[in-house]
Amino acid sequence: MRTNRGLSLTEAGQSFYRDAARLSEQLETAIARARQLSLTRRDVVRIGNSLLNPCKPLLDLWNALEDKPDCTLCIVPFVDTVETLDKVYHSLGAEIDVLIGACDIAGYSDFLQIYNLGTYSLCIGVLRRHPLADRARLSPEDLRGERLILLQEGGSGTLDSVRRELRRAYPEIILVDSPRYYDYDVFNRCEQEGALLLTLDAWRDVHPALNTVPIDLDYSIPYGILYPLHPVEHVKQFLEAIERGEGGAGKGGA
Numbered sequence: 005m006r007t008n009r010g011l012s013l014t015e016a017g018q019s020f021y022r023d024a025a026r027l028s029e030q031l032e033t034a035i036a037r038a039r040q041l042s043l044t045r046r047d048v049v050r051i052g053n054s055l056l057n058p059c060k061p062l063l064d065l066w067n068a069l070e071d072k073p074d075c076t077l078c079i080v081p082f083v084d085t086v087e088t089l090d091k092v093y094h095s096l097g098a099e100i101d102v103l104i105g106a107c108d109i110a111g112y113s114d115f116l117q118i119y120n121l122g123t124y125s126l127c128i129g130v131l132r133r134h135p136l137a138d139r140a141r142l143s144p145e146d147l148r149g150e151r152l153i154l155l156q157e158g159g160s161g162t163l164d165s166v167r168r169e170l171r172r173a174y175p176e177i178i179l180v181d182s183p184r185y186y187d188y189d190v191f192n193r194c195e196q197e198g199a200l201l202l203t204l205d206a207w208r209d210v211h212p213a214l215n216t217v218p219i220d221l222d223y224s225i226p227y228g229i230l231y232p233l234h235p236v237e238h239v240k241q242f243l244e245a246i247e248r249g250e251g252g253a254g255k256g257g258a
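Sequence positions in the sequence shown follow the working numbering and run 5 to 258.
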């Protein structure tokens, strides 16, 4: 808000600023606690947790195991921003040992390994007030004339293929680039601009203003456990236990 004294935050802006500052402080405290725990105990597996990379599926796998190694799990929260995701992916083993999430990451074998667990289905994120929001399912034809946000070219081999198909067969769809990783700002952008979003079924509850509708595209995105190129011994044991529980079919790392 602009006043004769310059710019000032609205009441909503002040509330958001206070909440953001509090969240930042909580995250720093959690990271410091995880770092201290890893110094005092050598068997700690630090599991990353964020809105777009929730740790619950991994914890569910772990809790279902009958034969577990003797290690301690520590949840390390982080915020989904492009900068943070880039740092987390490139420094696994430093402050976070493993996380679970979409793993169609271009060039990943240079900086991490992946244990595949399954696939996510592609969907369209639609504002609840949009005419398409109440549809049970969409086809690409339904998107003609719409602005569709998707990952910038080169970020995902699968989504690059989707982009090529849409360009070729549905040139009326206006394709809009997101950053190289999806973050929460991408979902906010959809609400602010009224654009559609190529998203995943796993993210259906991420933004309260968006409905997540399945789309008829013959593609899926792999997901799994992301872990360091050279995991320490107790992290190896953790991953081996998960692999035994899953039947050993998901190894996909370098």
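It is worth saying that the hints were derived from the structure and are not from the lab.
Careful, some of the hints might be misleading.
As a list, the in silico DSS-like pairs of lysine-lysine whose alpha-carbon atoms are at most 27 Å apart [said to hold, decoys possible]: (1) 60 with 240; (2) 72 with 240; (3) 72 with 60; (4) 60 with 91; (5) 91 with 240.
Label pairs and their calculated CB-CB ranges [to be verified]: (6) 181 with 70: 44 to 54 Å; (7) 98 with 197: 31 to 41 Å; (8) 205 with 183: 30 to 40 Å; (9) 145 with 87: 29 to 39 Å.
Quick reminder that beta carbons are idealized off the backbone N, C-alpha and C, glycines included.
Fill in: Restraint check for residue 91 with residue 240, where alpha carbons must lie at most 27 Å apart
Status holds; Cα separation ~22 Å.
Worksheet item: Straight-line Cα separation of residue 72 and residue 60 no greater than 27 Å?
Response: Roughly 17 Å between the alpha carbons, so the hint for residue 72 and residue 60 holds.
Discussion item. Can you confirm whether the C-alpha distance between residue 60 and residue 240 stays at or below 27 Å?
Written reply: 20 Å, holds
Worksheet item: Taking only the CA atoms, is the gap from residue 60 to residue 91 under or equal to 27 Å?
Response: 22 Å, holds
Worksheet item: Given a hinted range of 29 to 39 Å, is it respected by the beta-carbon distance of residue 145 and residue 87?
Response: 37 Å, holds
Worksheet item: Can the suggested window of 30 to 40 Å be confirmed for the beta-carbon pair residue 205 and residue 183?
Response: 21 Å, violated
Discussion item. Given the hint of 31 to 41 Å, is the C-beta distance from residue 98 to residue 197 inside that range or not?
Written reply: Once the Cβ atoms are compared, 36 Å apart, the range 31 to 41 Å for residue 197 and residue 98 holds.
Worksheet item: Does the Cβ distance between residue 181 and residue 70 fall inside 44 to 54 Å?
Response: Hint holds: Cβ distance 46 Å, inside 44 to 54 Å.
Discussion item. Given the hinted pair residue 72 and residue 240, is their Cα-Cα distance within 27 Å?
Written reply: 12 Å, holds
Of the numbered hints listed earlier, the single one contradicted by the structure is hint 8.
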